[in-house]
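K.L.:
Using the sequences provided together with the hints, build the complete structure.
One letter stands for each residue in the lines below.
There are 2 protein chains.
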Amino acid sequence: MDSEQLRDYGHRMVDFIADYYKTIENFPVLSQVQPGYLHNLLPESAPDHPETLEHVLDDVKTKIFPGLTHWQSPSFFAYYPSNSSVAGFLGEMLSAGLGIVGFSWITSPAATELEMIVLDWLAKLLNLPEQFLSKGNGGGVIQGSASEAVLVVLIAARDKVLRSVGKKELEKLVVYSSDQTHSAFQKACQIAGIHPENCRVLKTDSSTDYALRPEFLQEAVSKDLEAGLIPFFLCANVGTTSSTAVDPLAALGKITKSNEMWLHVDAAYAGSACICPEYRQYIDGVENADSFNMNAHKWFLTNFDCSLLWVKDKDSLTQALSTNPEFLKNKASQANLVVDYKDWQVPLGRRFRSLKLWMVLRLYGAKTLKNYIRNHIKLAKDFEQLVSQDPNFEVITPRIFSLVCFRIVPTENDEKKCNNRNRQLLEAVNSSGKLFMSHTALSGKIVLRCAIGAPLTEEKHVKEAWKVIQEKASYLIHK
Amino acid sequence: MDSEQLRDYGHRMVDFIADYYKTIENFPVLSQVQPGYLHNLLPESAPDHPETLEHVLDDVKTKIFPGLTHWQSPSFFAYYPSNSSVAGFLGEMLSAGLGIVGFSWITSPAATELEMIVLDWLAKLLNLPEQFLSKGNGGGVIQGSASEAVLVVLIAARDKVLRSVGKKELEKLVVYSSDQTHSAFQKACQIAGIHPENCRVLKTDSSTDYALRPEFLQEAVSKDLEAGLIPFFLCANVGTTSSTAVDPLAALGKITKSNEMWLHVDAAYAGSACICPEYRQYIDGVENADSFNMNAHKWFLTNFDCSLLWVKDKDSLTQALSTNPEFLKNKASQANLVVDYKDWQVPLGRRFRSLKLWMVLRLYGAKTLKNYIRNHIKLAKDFEQLVSQDPNFEVITPRIFSLVCFRIVPTENDEKKCNNRNRQLLEAVNSSGKLFMSHTALSGKIVLRCAIGAPLTEEKHVKEAWKVIQEKASYLIHK
Numbered sequence: 000m001d002s003e004q005l006r007d008y009g010h011r012m013v014d015f016i017a018d019y020y021k022t023i024e025n026f027p028v029l030s031q032v033q034p035g036y037l038h039n040l041l042p043e044s045a046p047d048h049p050e051t052l053e054h055v056l057d058d059v060k061t062k063i064f065p066g067l068t069h070w071q072s073p074s075f076f077a078y079y080p081s082n083s084s085v086a087g088f089l090g091e092m093l094s095a096g097l098g099i100v101g102f103s104w105i106t107s108p109a110a111t112e113l114e115m116i117v118l119d120w121l122a123k124l125l126n127l128p129e130q131f132l133s134k135g136n137g138g139g140v141i142q143g144s145a146s147e148a149v150l151v152v153l154i155a156a157r158d159k160v161l162r163s164v165g166k167k168e169l170e171k172l173v174v175y176s177s178d179q180t181h182s183a184f185q186k187a188c189q190i191a192g193i194h195p196e197n198c199r200v201l202k203t204d205s206s207t208d209y210a211l212r213p214e215f216l217q218e219a220v221s222k223d224l225e226a227g228l229i230p231f232f233l234c235a236n237v238g239t240t241s242s243t244a245v246d247p248l249a250a251l252g253k254i255t256k257s258n259e260m261w262l263h264v265d266a267a268y269a270g271s272a273c274i275c276p277e278y279r280q281y282i283d284g285v286e287n288a289d290s291f292n293m294n295a296h297k298w299f300l301t302n303f304d305c306s307l308l309w310v311k312d313k314d315s316l317t318q319a320l321s322t323n324p325e326f327l328k329n330k331a332s333q334a335n336l337v338v339d340y341k342d343w344q345v346p347l348g349r350r351f352r353s354l355k356l357w358m359v360l361r362l363y364g365a366k367t368l369k370n371y372i373r374n375h376i377k378l379a380k381d382f383e384q385l386v387s388q389d390p391n392f393e394v395i396t397p398r399i400f401s402l403v404c405f406r407i408v409p410t411e412n413d414e415k416k417c418n419n420r421n422r423q424l425l426e427a428v429n430s431s432g433k434l435f436m437s438h439t440a441l442s443g444k445i446v447l448r449c450a451i452g453a454p455l456t457e458e459k460h461v462k463e464a465w466k467v468i469q470e471k472a473s474y475l476i477h478k
Numbered sequence: 000m001d002s003e004q005l006r007d008y009g010h011r012m013v014d015f016i017a018d019y020y021k022t023i024e025n026f027p028v029l030s031q032v033q034p035g036y037l038h039n040l041l042p043e044s045a046p047d048h049p050e051t052l053e054h055v056l057d058d059v060k061t062k063i064f065p066g067l068t069h070w071q072s073p074s075f076f077a078y079y080p081s082n083s084s085v086a087g088f089l090g091e092m093l094s095a096g097l098g099i100v101g102f103s104w105i106t107s108p109a110a111t112e113l114e115m116i117v118l119d120w121l122a123k124l125l126n127l128p129e130q131f132l133s134k135g136n137g138g139g140v141i142q143g144s145a146s147e148a149v150l151v152v153l154i155a156a157r158d159k160v161l162r163s164v165g166k167k168e169l170e171k172l173v174v175y176s177s178d179q180t181h182s183a184f185q186k187a188c189q190i191a192g193i194h195p196e197n198c199r200v201l202k203t204d205s206s207t208d209y210a211l212r213p214e215f216l217q218e219a220v221s222k223d224l225e226a227g228l229i230p231f232f233l234c235a236n237v238g239t240t241s242s243t244a245v246d247p248l249a250a251l252g253k254i255t256k257s258n259e260m261w262l263h264v265d266a267a268y269a270g271s272a273c274i275c276p277e278y279r280q281y282i283d284g285v286e287n288a289d290s291f292n293m294n295a296h297k298w299f300l301t302n303f304d305c306s307l308l309w310v311k312d313k314d315s316l317t318q319a320l321s322t323n324p325e326f327l328k329n330k331a332s333q334a335n336l337v338v339d340y341k342d343w344q345v346p347l348g349r350r351f352r353s354l355k356l357w358m359v360l361r362l363y364g365a366k367t368l369k370n371y372i373r374n375h376i377k378l379a380k381d382f383e384q385l386v387s388q389d390p391n392f393e394v395i396t397p398r399i400f401s402l403v404c405f406r407i408v409p410t411e412n413d414e415k416k417c418n419n420r421n422r423q424l425l426e427a428v429n430s431s432g433k434l435f436m437s438h439t440a441l442s443g444k445i446v447l448r449c450a451i452g453a454p455l456t457e458e459k460h461v462k463e464a465w466k467v468i469q470e471k472a473s474y475l476i477h478k
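In order, the protein sequence lines correspond to chains A and B.
340 is the number that numbering that gives the first Met the number 0 gives to position 341 of the first sequence; each next residue is one higher, with no gaps.
296 is the number that numbering that gives the first Met the number 0 gives to position 297 of the second sequence; each next residue is one higher, with no gaps.
In short, the hints are calculated from the structure, not lab data.
Glycine included, every Cβ here is placed at the ideal spot set by N, Cα and C.
There may be inaccurate statements among the hints.
With a straight-line Cα cutoff of 25 Å, these simulated DSS-like cross-link-like pairs (lysine-lysine) come out [what the hints assert, rightly or not]:
| # | chain 1 | residue 1 | chain 2 | residue 2 |
| --- | --- | --- | --- | --- |
| 1 | B | Lys166 | B | Lys313 |
| 2 | A | Lys313 | A | Lys253 |
| 3 | A | Lys330 | B | Lys62 |
| 4 | B | Lys62 | B | Lys159 |
| 5 | B | Lys202 | A | Lys159 |
| 6 | B | Lys380 | B | Lys462 |
| 7 | A | Lys253 | A | Lys222 |
| 8 | B | Lys380 | B | Lys369 |
| 9 | B | Lys134 | B | Lys311 |
| 10 | A | Lys444 | A | Lys478 |
| 11 | B | Lys459 | B | Lys377 |
| 12 | B | Lys62 | A | Lys123 |
| 13 | B | Lys459 | A | Lys416 |
| 14 | A | Lys62 | B | Lys253 |
| 15 | A | Lys444 | B | Lys466 |
| 16 | B | Lys202 | A | Lys328 |
| 17 | B | Lys462 | B | Lys377 |
| 18 | B | Lys330 | A | Lys416 |
| 19 | A | Lys167 | B | Lys167 |
| 20 | B | Lys380 | B | Lys466 |
| 21 | B | Lys123 | B | Lys134 |
| 22 | B | Lys415 | A | Lys328 |
| 23 | A | Lys166 | B | Lys159 |
| 24 | B | Lys166 | B | Lys60 |
| 25 | A | Lys330 | B | Lys415 |
| 26 | B | Lys166 | A | Lys159 |
| 27 | B | Lys416 | A | Lys328 |
| 28 | A | Lys62 | B | Lys123 |
| 29 | A | Lys166 | B | Lys377 |
Estimated spans, in silico, between C-beta atoms of each pair [to be verified]:
| # | chain 1 | residue 1 | chain 2 | residue 2 | range |
| --- | --- | --- | --- | --- | --- |
| 30 | B | Glu325 | A | Asp314 | 35 to 45 Å |
| 31 | B | Lys459 | A | Phe64 | 41 to 51 Å |
| 32 | A | Asn412 | B | Asp1 | 47 to 57 Å |
| 33 | B | Arg162 | A | Asn25 | 47 to 57 Å |
| 34 | B | Lys330 | A | Phe64 | 20 to 30 Å |
| 35 | B | Glu196 | A | Pro276 | 46 to 56 Å |
| 36 | A | Ala334 | B | Lys330 | 49 to 59 Å |
| 37 | B | Gln217 | A | Glu170 | 28 to 38 Å |
| 38 | B | Lys415 | A | His194 | 45 to 55 Å |
| 39 | B | Glu325 | A | His194 | 38 to 48 Å |
P.N.:
Structure representation (structure tokens):
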């Protein structure tokens, strides 16, 4: 680690990356390589002797680039966006450059304290209840992903209830979610040892735009109680992955509260929109939640990974996840004067991730961030309108944020044929290389998802995407 | 994300970081701030309007730097090192710059394929058995930390045995480890719902230099079998956190094999040394292991996080951790033509971490990396000799790699007083700001740990550290 070599090579890498962004629209958005393509392009083993940076960067261009799916392309509309920004990038650089590991307060007090402060800032922007702030028994923490966020709160809730009913009762514990909930929740249950037959997946349909019906939850909970089981956890959604459905938090929270269940709110994607007063309504009812999660790395200009989790009762987290080996003991921790984030997460080690979120908030400011969100939602509205105006297409479930779910309409009421046609459309659109969208199924219908939110996306990219879709659809319809 | 702003700001950040390394020796190694120091230095809420990069970087210097514990300082000897290097830093930059998320092969084929290739390269450098390579049913994967590595293999092993004995038998499952095993294993057991009374922590002592005795394992397993329990997992260590103890893998592997137990090898720190032929002996017996873990982010010049995990039976991982929601389905995955690393780990999202490991291997080459390791071990030998030559001190447990465990010798056989004195010594040394060491307890003795492995550490830093320790000790002994 020579500082002058770092300076020299670092400058060259900055130019390399800046040049990538200059030419990003030239690449097929979805990589078009075949499985195993890289195997024959690289040697069988590591080199014995040093190679030059030029050589490596040449290989990045000629061998790695073809195998990239360009998430930062303005024509990336798949899944949900994973934002990169200048501020986020600088924060990542600084974090990598400082190279500290902040598992306990003492291992870099600034890392822990900046994280607490910045998560308080964001809680205020989201207008979260006071109990989620760090000054009481609550607080925020940066997890790697929404999957880890839901896992740690599930473990906290599981252990909290098992402490009161006895740990032999694990097999009686029941969790609830809608059938629109992200697969991360199912995975968390698998890891936590919740019995699969105790995972209630409650049905939704178009009548509520795929939101969970409180009466379904009430019914399921009552039935489980009657059967002698122990309902203990609800994972509610604000902005589902398939279609941005919003579960009614207020009504659901009444049920969880009266049954002493943990309410987790997964707002991984849509949480970012809730910094705008006009979208804050979608998390009304968060007062009754025990934990709330949004991914700053999705739609908040903060480079992956940066998943924000707030809890009201940090003790329940630390009681479930603490360890205290002699080799990590130190005065500040032993005196209980500080937060040690190692006890709020699965891993021990942790990067200085709050730097990038701090830099995003400071270099852009809250007003810019709100307008950033609004602009994407406006583009999505435009796209929705384009779809509605074309009789060959229909919008499936109303757009709320910046995702539009749509498909080619069925002919002769043949849903199976319609699904095939929409799959073909997706395939044709994505193999054009001009844009990348993904799909989902809603009530058995195969639906294309246009998720707007890449930082570089402008009106022209949305219009161009629609043109490609229309062309490919027209070919499919008339062939 | 404007490419010219990225270029401009990126260059400034490179200079900022290069300047940090130029002056890194001027800072107290261990941060000397008080809990809560940052709260009053930063505003209560995020700014509404953008601030300048100058302003932010000034704040980093004046407000963040005092709260850093400088892991990259040449006088950082605490815990284990967390290496940063020019190549590792460039890899982090490139990964953040490209901003891709490689959870499934299709989301960036290069990310998955480069990871498979580079982990094969490293498996070959370590001379791991063929079954850990990606061409068969094995393979390597980058996890965030050793904690996540042991968690995912524990879950895989748990579910594998529960599939055969029935999932109601969870409470009969028994895990084994020595009392020197990292707390990450205890935490993994907590998360996975292994009953605490079924976690056998087998005693070690100085007679085996804190290595696990195979006969103790055999005895415990036999007893548990007799009691109708189900032994299923051993976490063995190559280079424990306290003292780099090495468990005898060959003998332990015979026992796990004959009892159909999963053998996991945690070589988080010492694994790196095993690329040198003269240290490879310490993982002899890895043939019988089911999984093997080493942290490239500790002592292998690869910036945190980069924890390498190899398994022989990838199906057992994916059977435990797979989910397959409609919104992630794609042709390549459905046809089973590709690896989707999302099913090898806890989170869904994943960064392009193989880039940095690839750049470390290529920009330095295997020979340089071997000499890098050897140099640190030589420095540790020198330090060990300095300690041995001073009658006020003793080396506790023989040095194997680059960690020296030592203490001030007891006077009048008073172990309690001796422990206090060593705690005071640690406190005095660390509050000098001139170096940072941590401690552990071995057979009840408080011991200082001098872990050499920071990339910038040279002979003079080790000598200077010893001088400070002698000075502080002399004061304590004679006061």
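K.L.:
Against this structure, judge whether each hint is valid.
P.N.:
Hint check results:
A hinted pair counts as satisfied when its Cα atoms are at most 25 Å apart, and Lys166(B) with Lys313(B) qualifies at roughly 21 Å. Among the hinted pairs, Lys313(A) with Lys253(A) is consistent with the structure: their alpha-carbon atoms are about 22 Å apart, no more than 25 Å. Under the criterion of a C-alpha separation no larger than 25 Å, the hint pairing Lys330(A) with Lys62(B) is consistent with the structure, at around 23 Å. With a CA separation close to 50 Å, the supplied pair Lys62(B) and Lys159(B) exceeds the 25 Å bound.
A hinted pair counts as satisfied when its Cα atoms are at most 25 Å apart, and Lys202(B) with Lys159(A) does not qualify at roughly 31 Å. Simply put, Lys380(B) and Lys462(B) have alpha-carbon atoms about 12 Å apart, close enough for the 25 Å limit, and the pair holds. The straight-line distance between the Cα atoms of Lys253(A) and Lys222(A) is roughly 17 Å, inside the 25 Å bound, and the hint therefore holds. Our distance criterion of 25 Å between C-alpha atoms is met by Lys380(B) and Lys369(B), whose separation comes to about 17 Å.
Restraint check for Lys134(B) and Lys311(B): satisfied, since their Cα atoms lie roughly 11 Å apart, inside the 25 Å limit. For the given pair, Lys444(A) sits about 22 Å from Lys478(A) by alpha-carbon distance, which is consistent with the 25 Å threshold. A distance of roughly 13 Å separates the Cα atoms of Lys459(B) and Lys377(B); the hinted pair therefore holds under the 25 Å criterion. Note on Lys62(B) and Lys123(A): the hinted pairing holds, with a Cα-Cα distance of about 22 Å set against a maximum of 25 Å.
Proposed proximity of Lys459(B) and Lys416(A) is contradicted: the alpha carbons are some 75 Å apart, above 25 Å. Straight-line distance between C-alpha atoms of Lys62(A) and Lys253(B) comes to about 44 Å, which puts the hinted pair past the 25 Å bound. A distance of roughly 73 Å separates the Cα atoms of Lys444(A) and Lys466(B); the hinted pair therefore is violated under the 25 Å criterion. Taking the CA atoms of Lys202(B) and Lys328(A), the gap is near 21 Å; set against the 25 Å cutoff, the hint holds.
Distance restraint check for Lys462(B) and Lys377(B): the Cα-Cα separation of roughly 13 Å lies within the 25 Å cut-off, and the hinted pair is therefore satisfied. The straight-line distance between the Cα atoms of Lys330(B) and Lys416(A) is roughly 19 Å, inside the 25 Å bound, and the hint therefore holds. Proximity of Lys167(A) to Lys167(B) is assessed by CA-CA distance (about 11 Å); at most 25 Å being required, the pair is judged to hold. Note on Lys380(B) and Lys466(B): the hinted pairing holds, with a Cα-Cα distance of about 16 Å set against a maximum of 25 Å.
A hinted pair counts as satisfied when its Cα atoms are at most 25 Å apart, and Lys123(B) with Lys134(B) qualifies at roughly 13 Å. About 18 Å separates the Cα atoms of Lys415(B) and Lys328(A), which keeps this hinted pair within 25 Å; it holds. Among the hinted pairs, Lys166(A) with Lys159(B) is consistent with the structure: their alpha-carbon atoms are about 22 Å apart, no more than 25 Å. The hinted pair formed by Lys166(B) and Lys60(B) fails the criterion: a straight-line CA distance of about 55 Å is larger than 25 Å.
For the suggested pair Lys330(A) and Lys415(B), the alpha carbons sit about 18 Å apart, so the restraint of at most 25 Å is met. Between Lys166(B) and Lys159(A), the direct Cα distance comes to roughly 22 Å. Compliance with the 25 Å bound is thereby established for this hinted pair. Between Lys416(B) and Lys328(A), the direct Cα distance comes to roughly 19 Å. Compliance with the 25 Å bound is thereby established for this hinted pair. The straight-line distance between the Cα atoms of Lys62(A) and Lys123(B) is roughly 22 Å, inside the 25 Å bound, and the hint therefore holds.
Between the alpha carbons of Lys166(A) and Lys377(B) the distance comes to roughly 50 Å, so the proposed pair goes past 25 Å and is violated. Taking the beta carbon of each, Glu325(B) and Asp314(A) are about 38 Å apart, inside 35 to 45 Å as hinted. Taking the beta carbon of each, Lys459(B) and Phe64(A) are about 44 Å apart, inside 41 to 51 Å as hinted. At about 49 Å, the CB distance of Asn412(A) to Asp1(B) agrees with the hint of 47 to 57 Å.
Between Arg162(B) and Asn25(A) the CB atoms are about 49 Å apart, so this pair conforms to the stated range of 47 to 57 Å. Roughly 22 Å separates the CB atoms of Lys330(B) and Phe64(A), a value that falls within the hinted 20 to 30 Å. The hinted window of 46 to 56 Å between Glu196(B) and Pro276(A) holds, with their beta carbons roughly 53 Å apart. A hinted range of 49 to 59 Å for the beta carbons of Ala334(A) and Lys330(B) is consistent with their spacing of about 57 Å.
Our hint of 28 to 38 Å for Gln217(B) and Glu170(A) holds, since their Cβ atoms are close to 32 Å apart. Between Lys415(B) and His194(A) the CB atoms are about 49 Å apart, so this pair conforms to the stated range of 45 to 55 Å. Taking 38 to 48 Å as the suggested C-beta distance range, the pair Glu325(B) and His194(A) does not conform, at roughly 24 Å.
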